[in-house]
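Visitor: In the order they appear, the protein sequences are chains Z, X, A and W. My numbering puts the first sequence at residues 1 to 158. My numbering puts the second sequence at residues 1 to 343. My numbering puts the third sequence at residues 1 to 240. My numbering puts the fourth sequence at residues 1 to 378.
Since the hints were derived computationally from the structure, they do not count as laboratory data. None of the values given here were measured: they were computed from a predicted structure. Keep in mind that the hints are not guaranteed to be accurate.
Straight-line distance between alpha carbons at most 20 Å, and here's what the computed DMTMM-like set of lysine to aspartate or glutamate pairs gives [unchecked claim]:
#1 W:Lys298 to W:Glu104
#2 A:Lys45 to W:Asp151
#3 A:Lys126 to W:Glu104
#4 W:Lys96 to Z:Asp20
#5 A:Lys94 to A:Glu60
#6 W:Lys288 to W:Glu209
#7 X:Lys142 to W:Glu17
#8 A:Lys33 to X:Glu38
#9 W:Lys299 to A:Glu60
#10 W:Lys47 to Z:Glu128
#11 W:Lys49 to Z:Asp137
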Amino acid sequence: MSKALLEVLEPFTSSSEESDYGATGIHRRHTTTLDNLARVCEAFLGAGYIFEMLSCIDLREKEEIMRLCYTFNSLETADRHLVHADIAGGLEAESFEAPSISSLARGADWQERETFEMYGVTFVNHPELERLLLPEDADFFPLRKDFGRIEDAEAQDD
Amino acid sequence: MPETLSQLLDDSVLAMPIAAGLIMGALTINVLMLVWAERKVSAWIQRRMGPTEVGPFGLLQTLADMLKLISKQLITPSNVDKPLFHLAPLLAFAPVIAAVALMPFSKSLILVQNDFGLLFVFAFGGIAVIAIFMAGWGSNNKYALLGAIRSVAQSISYEIPLILSALSVVLVVNAMGFTLASGGSIVVANGLDLSHIVMAQDQHGLWFVLVQPIAAIIYFISALAETNRAPFDIPEAESELVAGFHTEYSGMRFSMFFFAEYTNMLIVSMLAVVLFFGGWDGPVLPGPLWFFLKSYMVIFVMMWVRWTFPRLRFDQLMTFCWKVMIPLSILNLLATAFVVAVL
Amino acid sequence: MGYFGKVLSGFGSLLTGMRITFSQFAKTFFGRKNVTLQYPKEQPKLAPAFRSAIKLIRFEETGTHDCVACKACERICPSYCIKLSGGKVEGIKKKRVAEFEMDFSLCSLCGLCIDACPTDTLEYSKVYEEAGYNRDWRVDLVAEFREYEAEFVEKQRVIEEKAATAKKAKAEAAKKAKEAKKAKEAEKAKEAEAEAADTAEKPDTAEKPPALEAKPAKADAPAKAEVPTAEVPTAEAPKS
Amino acid sequence: MTNAVPPEATPGGGDGEVYSLNMGPQHPSMHGVLRLLLDLKGEEVVKAKPVVGYSHRAHEKMAENRNTLQFLPNTSRIDYLSGMIYNLGYCQAIEKILGIEVSERAVYIRVIANELNRISSHLLWFGTFLLDLGGITPFLYSFDDREEILDILDQVTGSRLTYCYGRFGGVTMDVDEDFLARTTAFLARIRERLGMYDDLVAKNVILRERCINVGVISTEMAKSYGVTGPSLRASGVVYDVRRAEPYGGYEKFDFDVPVLHEGDTMARFHIRISEIEESCKIIEQAIKGIPEGAILPKKMPKRFKIPEGEYYFAVESARGHFGMYIVGDGTDVPAKLKLRTPSFSNLSAMPEALAGTMLADTIAIVGSIDVVMPEIDR
């Protein structure tokens with residue numbers, strides 16, 4: 001990881017810490033805000049990194065947030081950066097919104113669609129934010145923690 | 001003493017039904033054998049066994065398949081153009097029978113003797129295109145329509161080199177002024193008469209494949225395209241068009257297309273034998289047997305080609321036709337004409 | 001390479017292809033060798049590791065399985081396709097399985113249950129024609145062992161009784177040995193007082209026999225619990 | 001997936017020249033259950049829209065409801081064509097998180113199994129790709145070869161497709177001399193066959209016409225879409241997870257990462273064929289160097305609890321970068337397990353790569369990036 005990139009990232013990230021690559025497979029972890037997400041993404045892509053993965057963690061119950069996790073990786077030497085961006089909102093929150101980065105990294109297009117349908121996170125300015133894997137008329141968000149718990153299913157069976 | 005079978009039949013009222021029945025029966029058996037052969041050849045090329053269960057060596061497998069197809073319900077999809085949809089298989093089926101009638105199986109075994117046999121065969125071949133287009137258009141299916149459009153463009157394009165290469169042979173026969181001993185009288189060979197072409201080769205002991213090798217190759221490639229055989233099976237390219245023009249057909253209607261396809265193969269290979277491989281000419285064995293043996297050898301090569309190559313793309317197919325085949329066949333024709341004129 | 005060169009080399013590549021397919025054709029047609037397995041007529045040779053539906057092992061020594069209904073397999077199964085019940089059986093200490101229902105239509109053949117089994121009584125069967133007319137494919141794995149169960153329980157009871165008596169005997173022997181040792185030690189102390197040079201040999205020889213007797217009894221008891229032997233004479237020999 | 005014709009697929013501009021064609025999910029050459037909504041102008045593709053999700057099995061949700069060990073059989077079903085690589089990749093991820101030591105012998109066995117699986121996956125791709133182009137015979141030849149691999153793997157794992165061969169800390173079954181001998185014999189065989197395929201297929205003028213300059217994916221485009229695996233290496237980027245982030249003992253082996261710069265279908269074809277050769281090289285070295293020893297650690301914990309934290313481990317599957325993003329919360333059930341599958345990203349680049357091609361090329365291009373639908377849907 002070059003110093004220059006770190007300096008570019010510095011104003012946009014609220015925290016940035018080294019991670020033990022051997023045990024976690026991640027070199028560095030950053031936390032940013034939704035407003036700065038696009039800047040962070042731009043910085044990484046500008047430094048020749050590729051957008052690798054977008055995921056989401058449902059932490060509504062514990063921390064009242066929906067956490068977006070982006071990883072960026074360098075193709076030349078393994079250098080994986082995990083970027084967190086939290087969307088505030090508890091269990092009762094109606095909607096979750098985040099800026100889309102699909103115009104910067106086109107690979108994010110489908111991954112954002114998947115996150116949208118699985119977690120109900122709306123990506124603003126996404127070119128066609130519609131369901132990817134699930135039927136178009138599905139009105140649930142399967143990967144949220146309160147969906148399809150085994151206890152619920154068992155209770156239903158009984 | 002009637003000279004040919006057709007003359008024998010001319011004397012009888014039953015001539016037409018008998019001839020038609022003979023042809024139908026022979027062709028049905030031929031198609032059954034060809035489908036079996038295709039499956040066996042493909043299996044052997046692919047290190048498999050092919051049909052083995054029904055009958056000896058699986059010979060009756062196609063018969064069983066045919067019975068199955070006949071007994072199937074005829075499905076007519078709801079939004080098809082009914083007249084076209086129903087007529088197309090018949091139209092594909094009829095001209096191939098007519099074309100076979102013109103073939104000279106031996107000197108005396110010719111069902112219909114015609115001075116312009118070659119032209120008739122090509123003319124009947126042209127009708128098949130209409131049938132395919134009717135099937136594709138009438139099916140009201142995009143895949144079928146695409147297949148039909150491709151088929152029309154392909155057949156019409158490839159007819160040109162096909163005819164041009166055959167024309168080279170006709171030119172040789174006509175210009176060389178072969179004289180044929182026919183029924184006691186001497187006639188000058190007519191290049192458009194199929195039996196005359198054979199007799200010209202027969203009497204001089206020279207197959208035209210040696211005289212016109214380029215024409216033979218062009219003829220063979222164009223014949224593959226004419227019969228929609230791989231690598232030119234673009235009208236029914238199953239990897240993109242499912243089954244092309246006969247996507248919507250099933251049961252007996254489908255088997256009629258199937259029948260036409262395999263009979264077409266027989267016709268073009270018979271014509272190849274007539275034009276380039278000396279027809280019924282051959283030692284020991286009777287003429288018709290030689291004729292069929294040679295035809296089946298040509299068909300074997302067609303099958304061999306089919307199970308070896310990937311398929312061309314549509315635009316490449318047309319490019320190949322217009323930029324390679326047609327210039328080459330014209331060049332060949334001009335060269336032939338030049339040589340013939342000089343000699 | 002001009003126009004004709006291209007056409008010719010293309011044509012050449014086609015001929016190469018045809019040569020290859022013809023050589024394969026010849027191998028099948030003239031060499032009479034194909035790669036097909038005519039399945040219903042020929043049976044495939046199953047690898048020794050072949051994984052199919054699980055079954056209970058029939059141990060040679062006992063003539064039956066050794067499932068103790070611990071439910072480790074039921075807990076680990078990712079498809080939740082194992083349901084078993086069982087427990088204490090009258091007369092013997094060992095727990096035994098009563099019902100072992102396995103839904104093969106759900107099983108994914110991962111083998112985690114086999115890894116989890118503490119008594120190693122599960123193995124893959126060699127059934128490979130797994131087809132049926134409906135989806136209900138629940139199999140009672142202990143069904144084939146039921147008729148042996150009473151016999152096994154009886155044998156096990158005998159073994160356990162013997163083990164119990166052996167244990168008693170062993171305990172008594174140990175007690176005796178202890179007493180003997182104490183006596184010897186007392187003696188030894190006395191002797192040590194009397195004679196310092198002779199002490200080393202005597203207690204050794206005196207201690208050995210009880211130790212030998214106690215050891216096999218100790219080692220045998222757990223071994224038998226795991227793999228109970230039907231014919232006991234070999235196991236009995238050291239005890240009597 | 002109900003609307004047959006989305007609004008944008010209806011004829012544009014009112015000229016009636018553009019029509020939509022629905023390819024799949026039931027179509028002879030759509031790999032698995034891919035559906036392509038094509039807007040065509042004659043034979044030319046104006047717009048292609050892949051519709052996926054027909055084989056969605058909620059692997060990620062299942063991971064959140066099972067403990068780490070129970071998720072093991074799922075892994076080889078994510079991509080059933082390189083199930084071994086996924087299976088062992090998952091094992092390696094958990095081992096790295098928990099710091100479980102893998103014996104040297106197990107590492108070598110895993111490498112052999114992985115590479116055999118990679119070859120079998122590439123052979124299957126070779127066959128089906130040729131099938132897409134209308135060549136049926138090479139398909140059966142390659143399946144004949146693949147059958148041999150399946151037999152070899154069957155001998156040691158007991159199954160032919162969904163292996164579930166790995167365990168945390170090693171593998172389930174040890175290999176014997178017979179296995180190694182068969183593998184060596186297979187390497188000789190496949191090398192000879194590759195020569196044959198080269199003559200029969202790669203040099204064939206029809207195939208070359210069909211493949212060269214068809215479906216070009218530029219380096220920039222590949223990077224932007226996160227295309228990985230052979231498709232990325234055909235576009236001129238030397239990126240192989242086995243090289244970039246060596247895992248599972250790959251650092252011990254000497255192999256090349258083939259790379260071509262054309263980015264077209266033919267380049268992808270050649271990359272996969274060279275990868276089969278490289279895999280052969282790796283297997284050869286592994287067979288030569290395989291040490292004696294145990295295949296599983298003696299003492300293993302019953303439960304594999306993932307410490308609190310976030311982990312990302314990647315392996316190189318036959319199709320590219322397969323990443324597992326695991327979030328642990330101290331229990332043995334992961335709080336989150338995201339599977340970053342290569343085909344997902346590779347297919348997402350397709351709308352752009354397909355626009356402006358011919359209908360027949362569409363099949364060739366989708367075939368050449370080697371998508372496996374269950375892997376996309378998960």
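Visitor: Look at each hint and say if it fits the structure.
Guide: Do the hints match the structure? See the list:
no.	hint	verdict
1	W:Lys298 to W:Glu104	holds (14 Å)
2	A:Lys45 to W:Asp151	holds (10 Å)
3	A:Lys126 to W:Glu104	violated (31 Å)
4	W:Lys96 to Z:Asp20	holds (11 Å)
5	A:Lys94 to A:Glu60	holds (19 Å)
6	W:Lys288 to W:Glu209	violated (41 Å)
7	X:Lys142 to W:Glu17	holds (14 Å)
8	A:Lys33 to X:Glu38	holds (19 Å)
9	W:Lys299 to A:Glu60	violated (28 Å)
10	W:Lys47 to Z:Glu128	holds (14 Å)
11	W:Lys49 to Z:Asp137	holds (19 Å)
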